[in-house]
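Asks: Protein sequences appear in the order of chains A and B.
The first sequence begins at 337 in my numbering and counts up one residue at a time.
The second sequence begins at 10 in my numbering and counts up one residue at a time.
Everything labelled a hint here was simulated from the structure, so no lab data went into it.
One thing to keep in mind: the hints can contain errors.
Cut-off 27 Å, straight-line C-alpha distance, at most; resulting in silico cross-link-like pairs (BS3-like, lysine-lysine) [unchecked claim]:
| id | chain 1 | residue 1 | chain 2 | residue 2 |
| --- | --- | --- | --- | --- |
| 1 | B | K98 | A | K438 |
| 2 | A | K558 | A | K361 |
| 3 | A | K438 | B | K126 |
| 4 | A | K501 | B | K469 |
| 5 | B | K447 | A | K449 |
| 6 | A | K449 | A | K438 |
| 7 | B | K465 | A | K428 |
| 8 | A | K428 | B | K449 |
| 9 | B | K447 | B | K544 |
| 10 | A | K361 | B | K387 |
| 11 | A | K388 | B | K544 |
| 12 | A | K388 | B | K447 |
| 13 | A | K449 | B | K184 |
| 14 | B | K387 | B | K296 |
| 15 | B | K387 | A | K388 |
| 16 | B | K387 | A | K428 |
Take a look, some chain B residues computed to stay more than 12 Å from chain A by CB distance [unchecked claim]:
| id | residue |
| --- | --- |
| 17 | A77 |
| 18 | F211 |
| 19 | K286 |
| 20 | F362 |
| 21 | M395 |
| 22 | Y420 |
| 23 | A456 |
| 24 | K544 |
We treat Cβ as the ideally placed atom computed from N, Cα and C, and that holds for glycine.
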Amino acid sequence: MVSVELRNVSKRWDGFELRVDLSVKDGEFLTLLGPSGCGKTTTLRIIAGLEKPDSGRVLFDGNDVTDLEPNERNIGIVFQDYALFPHMTVFKNIAFGLEMRKLPGAEIERRVKWALELVGLEGLENRYPEQLSGGQQQRVALARALVIEPEVLLLDEPLSNLDAKIRERLRSEIRRIQRELGITTVYVTHDQEEAMAISDRIAVMNVGRIDQIGEPLELYYKPWTEFVARFLGTSNILELEAENGVARLGSLEFSVGVDGRVKVFFRPESVLITEGEDATVTGYELLPGRMRLYLDVEGHTIIAERPLPDLPFEPNRVPPRVGILVRSFSLLSL
Amino acid sequence: MRFRPSYLLIAFPLAFLLLFFYLPMADILRLGLWDNGPTLRFLSAVLGNSYHRWVIRFTITQALSSTALTLIIGLPGAYIFAKYDFPGKRVIRAILTVPFVMPGIMVALGFILLFGKDGFIAHLIGRDPGIIYTWKAILLAHAFYNFPIVIRMVSSLWQRVNPHYEEMAQTLGAKGFRLFWKVTLPLISPAIFASAMLTFVFCFLSFSIPLILGGYRYVTMEVDIFSTVMTLLDFRTGSALAVIQITLSAIFMYLYLRSLDTYSKREEQRILQRPQKLGPRDLLSLKGLGVVLYSVLVFVFIVAPLLAIVYDSLLFNGHLSLENYRRVFSPEYNPMFGVSTLGAIKNSLLFGFTTVVISILVALPLAYLLNRWDFRGKRLLDVLVMLPLASSPVTVALGYIMVFQSTPLYYTFWIVAIAHSIIAYPFVFRSLSTGLTKIKRNLREAALTLGANEWKAFLKVELPLALGSLIVGAIFAFAMSIAELGATYMLAPPEYTTMSLAVYKFLGARHFGSASALSVILMVVSAIGFLIIEKVGEEVW
Ligand SMILES: Nc1ncnc2c1ncn2[C@@H]1O[C@H](COP(=O)(O)OP(=O)(O)OP(=O)(O)O)[C@@H](O)[C@H]1O
Ligand SMILES: [Mg+2]
């Protein structure tokens, strides 16, 4: 397996410019996460060689592959719509890459069988893609990409066409297989939950740039930008004025260590609810096992989420005012 | 970008087009518009001549009237096909494919046998119906060729009209004709317009039909150019006429392609109206009777001319006999066209297959290039590739005579095959383009990432998926070559006389029996094309 590096890579289209620096470690599962049109697919296609960057270099294990064609890079790619060859059976689809490598027939047979087992599709080798369910097609696409023993696996929203149940099952399966093979993987999605669930690291993209890259929890609790904070889960972001290193809101005190305008960030589950009069309850929602409270402190809205047993009141008797405490917070770049 | 050997594949079609289309056309332009400098003298001479003026006016009016007649016959069929499923629909649909592959000369013969002063209808009603050798015959034969197109295109859009519109309009009180006029018609009009434009272009450039069925009087521009060049040997006037014809047909072709764009966009929408099933019992209702009547008429209209030929081929001196076939198949040298009938059959097949091969070699790389790659000047190339569609066989042949007269190519097998290919390849190109656009781009990319090079990806993935459209294009090329008359007449040496040409010569000599027998063979060859199209099941329809 190899490491993958994009060094000063840029690509321009009418009204869009991609600029990325990215390095994926050997055997790592890295997810590109971002809203539609931010350049995830383009980044992936540049790694695959399907798109040539306008400038910058693509390195596999430190070797410059920028000028290599896709068929010279030894990568496996799974497209959003799978791109299975409709005129070939499952077997033929999976065998395609092996035939291109001119492997002997028996070897092809053996490897296809291995790949079918890997994705749990034994017995379907003679079907045509149109005779398969979406989930099965997805597995064939994965098997086809993996059977050639690629050094890098690229997946472009491979689950977005499937319904929620299958999506969850397949994503853990993809992760299992990736761990089993130890293959360097770049995974594209716009689904933050999916990204959190399976990635070693996540790169959050925002119109052509990577805003932040890091481990899921790091991004979740210590986002650098408002964009990253809002893209992953629910956020509280308070714009406050700090004096003598402290920003205040009602009874809340944040030791920010700087003066002037700051953006204080914390997650709803970092807000503790006590008995008290700090905040007005403007609304609440009962979620499975939790309660979400919408609070108002001097015109600022704060969202809090607590497990039901942690509440200082009965869930069916929400008082008009509560006390609050923020356990941990971080600062966002302005 | 690295140099790829596949770039070379583009060089062949481009060189071919340059040499065998643009060079001859340039020479026609030179002769028609140049005399020590640009001049409109020859054009005004043509336009000042009352005969040529009449021909131009007739060419346009007959095309307009043919289009109108075609719509009148086709639109009820479009309605029936969109709205109803009925027993025998498949058969009627198949029958409607037949005209696509039937040579004009054969259809003309069928019409003479049916409507002529000695024909079946004349016997039936006891007098000459007065159709053959008048404009009426031309209109009927043109409708024969084109009303299936109207049915196909219009019914396709009709099925895509959201029934809720019609229901909504009905609740608002629009009924019957008003409903159709205000709601349905605007939605299907792109199909009506596109199919009408296509019909118009076809009729505008028509050759065999007016040549045979129009007699001496009803002459189209294509026939006029033909006789100006072939009997008067007046290349100057021929070129001037050709310039006028190309200019007009380029305009019409442009309008057609534009209207086709609108139509194709609409056709991408989902089918929203499933046809209503009519069982045997419904056939007694008013709509059932309408469907039956129309189906019978379609059947008779298409099959009757063909049956008339078959019947006539079996008649010799008023008796049923195989004598016509015996004569046609006798291996003797036929002084009328310098080759035995078997030779003519062989020639036709040879031209047909050569045309298929050449037009694929020209069309495939171009279609692929224009569909898969982005580059500067793409639109220009698109136009250059499609322009031959606006020319005509007689014009191409005229250009060839002028340009290649003193080369070894002249008066050979190859110059005929090349002329056929220039005429046929735009159809292969269009069929392939449609096929290729339907193939998702990322299939090719998947193949590339799996280790295939561009060539392998094309061969293993894209070509198999485009095969249906390639075969349909090939059949069209084949049918066109088999049917071609004007250019073959002008370019072919006697030993390369084709079946169509032989039928024409038999007709000229009034040997109807031999013409019919040979036409039956022509029919069989064309029917093979029809069967392959049916088998491939690609959307000709
Ligand atoms: N071949 C192309 N030509 C022109 N513009 C392109 C091309 N490919 C992508 N773009 C543009 O580049 C931008 C990024 O596209 P990209 O497909 O990488 O986004 P994405 O993050 O994958 O979005 P999505 O989640 O919708 O798939 C978009 O604005 C898109 O319109
Ligand atoms: Mg994308």
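Asks: Determine for every hint whether it applies to the structure shown.
Replies: Each hint, compared with the structure:
no.: 1; hint: B:K98 - A:K438; result: violated, 49 Å
no.: 2; hint: A:K558 - A:K361; result: holds, 22 Å
no.: 3; hint: A:K438 - B:K126; result: violated, 71 Å
no.: 4; hint: A:K501 - B:K469; result: violated, 35 Å
no.: 5; hint: B:K447 - A:K449; result: violated, 32 Å
no.: 6; hint: A:K449 - A:K438; result: holds, 17 Å
no.: 7; hint: B:K465 - A:K428; result: holds, 15 Å
no.: 8; hint: A:K428 - B:K449; result: holds, 19 Å
no.: 9; hint: B:K447 - B:K544; result: holds, 20 Å
no.: 10; hint: A:K361 - B:K387; result: violated, 42 Å
no.: 11; hint: A:K388 - B:K544; result: violated, 43 Å
no.: 12; hint: A:K388 - B:K447; result: holds, 25 Å
no.: 13; hint: A:K449 - B:K184; result: violated, 64 Å
no.: 14; hint: B:K387 - B:K296; result: violated, 50 Å
no.: 15; hint: B:K387 - A:K388; result: holds, 21 Å
no.: 16; hint: B:K387 - A:K428; result: violated, 36 Å
no.: 17; hint: A77; result: holds, 43 Å
no.: 18; hint: F211; result: holds, 34 Å
no.: 19; hint: K286; result: holds, 26 Å
no.: 20; hint: F362; result: holds, 26 Å
no.: 21; hint: M395; result: holds, 27 Å
no.: 22; hint: Y420; result: holds, 45 Å
no.: 23; hint: A456; result: violated, 7 Å
no.: 24; hint: K544; result: holds, 17 Å
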